[in-house]
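Residue strings, one per chain:
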Amino acid sequence: GDSVTQMEGPVTLSEEAFLTINCTYTATGYPSLFWYVQYPGEGLQLLLKATKADDKGSNKGFEATYRKETTSFHLEKGSVQVSDSAVYFCALSELGNTGFQKLVFGTGTRLLVSP
Amino acid sequence: NAGVTQTPKFQVLKTGQSMTLQCAQDMNHNSMYWYRQDPGMGLRLIYYSASEGTTDKGEVPNGYNVSRLNKREFSLRLESAAPSQTSVYFCASSRGGLAGGPKDYNEQFFGPGTRLTVL
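Line order of the protein sequences matches chains A and B.
Mapped onto the working numbering, the consecutive letters of the first sequence carry residue numbers 2 to 116.
Mapped onto the working numbering, the consecutive letters of the second sequence carry residue numbers 142 to 260.
Keep in mind that the hints were calculated from the coordinates and are not lab data.
Do not rely on the hints blindly, as some may be mistaken.
[Unchecked claim] With a Cα cut of at most 30 Å, we get these calculated DSS-like pairs of lysine-lysine:
#, chain 1, residue 1, chain 2, residue 2
1, B, Lys150, B, Lys212
2, B, Lys198, A, Lys53
3, B, Lys155, B, Lys198
4, B, Lys150, A, Lys61
Work the whole structure out from these sequences, hints included.
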């Protein structure tokens with residue numbers, strides 16, 4: 002089946018540093034791609050998404066570009082803040098054999114930002 | 142709108158006890174999901190309901206049952222809890238995920254989670 006691979010964490014940065022969290026995927030067809038964020042003690046929230054090749058998703062200063070040629074959807078932010086400390090999940094939509102699309106998640110990458 | 146709500150937030154069970162986790166959404170979504178989250182393993186799908194009246198197994202269904210009570214509510218039952226079911230459980234919903242449908246319909250909205258410990 003389809004799968005998502007994320008870089009292992011934790012990623013530890015100082016405030017205002019540049020962030021990259023790598024995500025690559027394997028999929029048949031043309032999935033949508035997502036980044037979700039989970040703050041401590043909370044559920045997952047959608048951070049950004051892209052539905053086709055070369056699309057760029059962006060939100061709250063985060064960006065990710067759907068790269069079909071490298072099967073990647075890396076998350077970037079130019080200047081992180083302490084409040085960005087969270088776990089970030091990359092996900093894709095997988096078409097199952099019942100004709101229903103489900104999300105497949107990576108294992109998550111913890112980001113720790115210090116002042 | 143409350144979005145997706147889950148009860149309880151915390152629960153401690155003894156091995157062999159049963160319990161039901163409740164989930165409700167007020168977004169008129171067609172599809173609902175139950176996941177478990179374990180350290181280092183991300184989210185794994187337990188069961189899902191593509192639409193009212195249907196349920197299907199996900200990646201890790203053993204030891205669980207579900208009921209799609211109506212369009213709003215989707216419950217997860219542990220008939221005989223085991224320590225291996227210690228986890229954080231998340232419910233989610235989406236407008237729908239049928240092939241060929243709008244890709245925005247795949248976006249899932251999550252509840253705050255239930256932390257379950259089985260002793």
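- Message: Which constraints among the numbered hints does this structure fail? Numbers only, ascending.
- Response: none
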